[in-house]
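**Q** Taken in sequence, the protein lines are chains W and C. Read in UniProt numbering, the first sequence has 6 at position 6, and its numbers run on one by one without any break. Read in UniProt numbering, the second sequence has 4 at position 4, and its numbers run on one by one without any break.
Keep in mind that the hints were calculated from the coordinates and are not lab data. For clarity, every value in this text was computed on a predicted model and none was experimentally measured. From the three backbone atoms N, C-alpha and C, an ideal C-beta is built for every residue, glycine too. Where hints are given, some of them may not hold.
Per label pair, the in silico range of CB-to-CB distance [what the hints assert, rightly or not]:
#, chain 1, residue 1, chain 2, residue 2, range
1, C, 6, W, 216, 26 to 34 Å
2, C, 67, W, 66, 36 to 44 Å
3, C, 9, W, 97, 47 to 55 Å
4, W, 269, C, 46, 28 to 36 Å
Residues from chain C shown here face chain W by an in silico Cβ test under 10 Å; the list is partial [unchecked claim]:
#, residue
5, 6
6, 9
7, 82
8, 83
9, 86
10, 95
11, 111
12, 130
13, 159
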Amino acid sequence: MYVYDEFDRAFLAERVAEFRDQVGRRLSGALSEDEFKPLRLMNGVYLQLHAYMLRIAIPYGTLNSDQLRRMAHVARRYDRGYGHFTTRQNIQFNWIKLEELPEAMAALAEVGVHGIQTSGNCIRNVTTDQWAGATPEECDDPRLWAEILRQYSTLHPEFTYLPRKFKIAITAADHDRAATKVHDIGLRLHRNDQGELGFEVLVGGGLGRTPFVGKHIRPFLPVRDLLSYVEAIMRVYNQYGRRDNIYKARIKILVHEIGAEEFSKAVEAEFAATRDGALRLTDEMIEEIRGRFLYPDFEPLDDQPAALVEALKDPLFATWHRNSVHKHKIPGYSIVTISLKPIGAPPGDATADQMDLIADLADDYGFREIRVGHEQNLCLPNVASKDLPELWRRLDAAGLATPNVNHISDIIACPGLDYCALANARAIPVAQEIAKRFSDLDRSRGIGRLHINISGCINACGHHHVGHIGILGVEKNGQEFYQITLGGRADEQAQLGTLLGPAVPYEQVPSLIEDVVDTYMELRAGPHELFIDTVTRLGVEPFKERVYAAH
Amino acid sequence: MPLIENGKLIEDRFIRVSDDEALPEGVAVLIGIDRFLKEAEMLKGRKAPVGVIWPNNRPIAEIAPYLGQLSLIALVFPIFRDGRAYSQARLLRERLGWRGPLRATGNVLRDQFLLMERSGFDQIDAVKEADAEAFDEAVHRYTVFYQPATDERPSLLRQRLGRTVSGVR
Ligand code: HEM
Ligand code: SF4
Numbered sequence: 001m002y003v004y005d006e007f008d009r010a011f012l013a014e015r016v017a018e019f020r021d022q023v024g025r026r027l028s029g030a031l032s033e034d035e036f037k038p039l040r041l042m043n044g045v046y047l048q049l050h051a052y053m054l055r056i057a058i059p060y061g062t063l064n065s066d067q068l069r070r071m072a073h074v075a076r077r078y079d080r081g082y083g084h085f086t087t088r089q090n091i092q093f094n095w096i097k098l099e100e101l102p103e104a105m106a107a108l109a110e111v112g113v114h115g116i117q118t119s120g121n122c123i124r125n126v127t128t129d130q131w132a133g134a135t136p137e138e139c140d141d142p143r144l145w146a147e148i149l150r151q152y153s154t155l156h157p158e159f160t161y162l163p164r165k166f167k168i169a170i171t172a173a174d175h176d177r178a179a180t181k182v183h184d185i186g187l188r189l190h191r192n193d194q195g196e197l198g199f200e201v202l203v204g205g206g207l208g209r210t211p212f213v214g215k216h217i218r219p220f221l222p223v224r225d226l227l228s229y230v231e232a233i234m235r236v237y238n239q240y241g242r243r244d245n246i247y248k249a250r251i252k253i254l255v256h257e258i259g260a261e262e263f264s265k266a267v268e269a270e271f272a273a274t275r276d277g278a279l280r281l282t283d284e285m286i287e288e289i290r291g292r293f294l295y296p297d298f299e300p301l302d303d304q305p306a307a308l309v310e311a312l313k314d315p316l317f318a319t320w321h322r323n324s325v326h327k328h329k330i331p332g333y334s335i336v337t338i339s340l341k342p343i344g345a346p347p348g349d350a351t352a353d354q355m356d357l358i359a360d361l362a363d364d365y366g367f368r369e370i371r372v373g374h375e376q377n378l379c380l381p382n383v384a385s386k387d388l389p390e391l392w393r394r395l396d397a398a399g400l401a402t403p404n405v406n407h408i409s410d411i412i413a414c415p416g417l418d419y420c421a422l423a424n425a426r427a428i429p430v431a432q433e434i435a436k437r438f439s440d441l442d443r444s445r446g447i448g449r450l451h452i453n454i455s456g457c458i459n460a461c462g463h464h465h466v467g468h469i470g471i472l473g474v475e476k477n478g479q480e481f482y483q484i485t486l487g488g489r490a491d492e493q494a495q496l497g498t499l500l501g502p503a504v505p506y507e508q509v510p511s512l513i514e515d516v517v518d519t520y521m522e523l524r525a526g527p528h529e530l531f532i533d534t535v536t537r538l539g540v541e542p543f544k545e546r547v548y549a550a551h
Numbered sequence: 001m002p003l004i005e006n007g008k009l010i011e012d013r014f015i016r017v018s019d020d021e022a023l024p025e026g027v028a029v030l031i032g033i034d035r036f037l038k039e040a041e042m043l044k045g046r047k048a049p050v051g052v053i054w055p056n057n058r059p060i061a062e063i064a065p066y067l068g069q070l071s072l073i074a075l076v077f078p079i080f081r082d083g084r085a086y087s088q089a090r091l092l093r094e095r096l097g098w099r100g101p102l103r104a105t106g107n108v109l110r111d112q113f114l115l116m117e118r119s120g121f122d123q124i125d126a127v128k129e130a131d132a133e134a135f136d137e138a139v140h141r142y143t144v145f146y147q148p149a150t151d152e153r154p155s156l157l158r159q160r161l162g163r164t165v166s167g168v169r
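Excised from the complex, chain W in its bound form (with noise of 0.2 Å):
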């Protein structure tokens, strides 16, 4: 975990002071709203359907369980008891008074925590593997590299009025989790062949409205260089980016624009005047950065205790292990996925009650440590092994160990017309829907790995272009349908959906789904092909044919 220190904290304290006396300006009128709104923004308030929202960031996804229990306090002392955790390693309250803001975030920075920089046209908080530091498969612990980008991108001087919001996702591991490949900046740590790390770099992905699959514009950056590289790319789209146009503002259509090949001869051109200077890591900046993550006290542990054997023969407890407990680096410990997907709830909402009881199991049986991953699901990353039946007790008690990760009905849905100011369409309820009808866990099982997205508009909160199975909103004549992608996905391969037929009404929706998931059933090559395998060999067109028969 990431130890802030005095310098931090100062910070925070002075930020809430600037936005403390930003609200009081615009309380007495020397702030216009329209001068108000990029500043709110980049303190992570909006202004929703109902209510002002405050968005907080949970850098690279990790909270110690002081700062969930805070989120907690806020939840139940500001807002309606609960919380909604997001695609971007955030947490939204949808229900906050404007007045009382600032004493939110008050009690937010008192444990480090804070809304700087999860909206508006500045660089956003920058996301990575929740697994991150735990997982055997990386290389390196891409948390101190997202550290670094975080304190190099906060209150940007250069950099905080850009053409349009910025995303950065790093990866360090094969299975990519952090979705880089449709971000602003995606960055791959990998070693090369003299066994040194960088970064592979690509550019210019992203979803909303004109979605793209980020280009590669350079195989190895040492990591040393990763600043004055990711300034170079910053400096470029600041100046070049369009600004005529909203909805062409985004470093993907610059790069769409003029080229992968031109937008990198510019990036480097950039960087080799700058790589050598005040940029420039140290190795020594580099470990006073890693110096101040802790680990836990790992001891050496039985990697099949005793506890763990005699648990798994309950089949419930052995079907939610399967599903949600993975391997770590350390043996005799494990990574558990807490599914905040039961049957039937809005994706990604925890209680009150629950936060806590989560932050009591991270101090209990996790080191104190929680995390967030883009699935909107939560995460303890480092359990003993021989811990999981008791947790699991504890989890199952609360209705969180659905064991439903990665199966049918662990939907990423964003917050759609329930909250949104912007959506066309409900997506809760459409998540809602479908998870009922596939609430059987051995059906669920059956299917195997498939991830349905839903968003509200063509926004893309939920990631729909990448869904294995995408639902996205849209409005005709004041109602509400929805158009249907197969295909896309957000790992290593990823790959945008490719649009199944007409848009649909409401009602249809999840029989739609049905068909879509039986047709798999009876096509695939058996029961070890995925549903994203069947529809890379066969397309979409074989479900288009079935579906559009029955509807």
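Starting from the known structure of chain W, arrange chain C with the ligands on it as the hints suggest.
**A** The following block gives chain C with the ligands in isolation, referenced to the frame of chain W:
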């Protein structure tokens, strides 16, 4: 509009002259880019100082050949959310070596003073009187800086490492 230079309100000695007006003799003038580029040769003979307003959509590197004959460069924030001039300012200071006065003009609010100062501006043309008065407060709001910039304040990382060797920030 109140003009601030290095934290103090100053009198603007430059007179803005539009493209179709005759240039007054013997006074410092601030002119647009089109006029400047057209008359650059002729302006070399001029005794009084010349400043230019460089637009934010034109590569700043193009100014390099003219730096010797300029006494002021003004960069533009047409709306305060348009941050192109921050990059231009840094390039002017750090790449092109401009040491003369660099002015921020346009829709400039107190919430950006610090960013402007850190990007190399030393003159700020504030829109609001109250903002100009709050200059000192605005640029001293923060004691922690997370990244190196043109102003050479040490980044937090350097501060933690406990050394700010000159030239290395
Ligand atoms: C409720 C208030 C929200 C508003 C007003 C909002 C607004 C937007 C807008 C306008 C875009 C399109 C940006 C563009 O293409 O330039 C966008 C994209 C996105 N938002 Fe949201 N959003 C909201 C909530 C969320 C939530 C709850 C999540 C996570 C569940 C989220 C995650 C994302 C993601 C991942 C993208 C796509 C990124 C990309 O275009 O590359 N947003 N959002
Ligand atoms: S996708 Fe649209 S409806 Fe959903 S949260 Fe984003 S902006 Fe709102």
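**Q** The structure should be examined with respect to each hint, and the outcome stated for every one.
**A** Hints versus structure:
1. C:6 / W:216: 26 to 34 Å: violated, 45 Å
2. C:67 / W:66: 36 to 44 Å: violated, 54 Å
3. C:9 / W:97: 47 to 55 Å: violated, 39 Å
4. W:269 / C:46: 28 to 36 Å: 35 Å Cβ-Cβ, so the 28 to 36 Å window holds.
5. 6: violated, 17 Å
6. 9: violated, 19 Å
7. 82: holds, 6 Å
8. 83: holds, 3 Å
9. 86: Nearest chain W Cβ about 4 Å off; hint holds.
10. 95: holds, 6 Å
11. 111: holds, 6 Å
12. 130: At about 6 Å, which falls below the 10 Å cut-off, the nearest Cβ of chain W leaves the hint on residue 130 of chain C intact, so it holds.
13. 159: Because about 7 Å separates residue 159 of chain C from the closest Cβ in chain W, which is inside the 10 Å limit, the hint holds.
The structure fails to meet hints 1, 2, 3, 5 and 6 from the earlier list, while all remaining hints are met.
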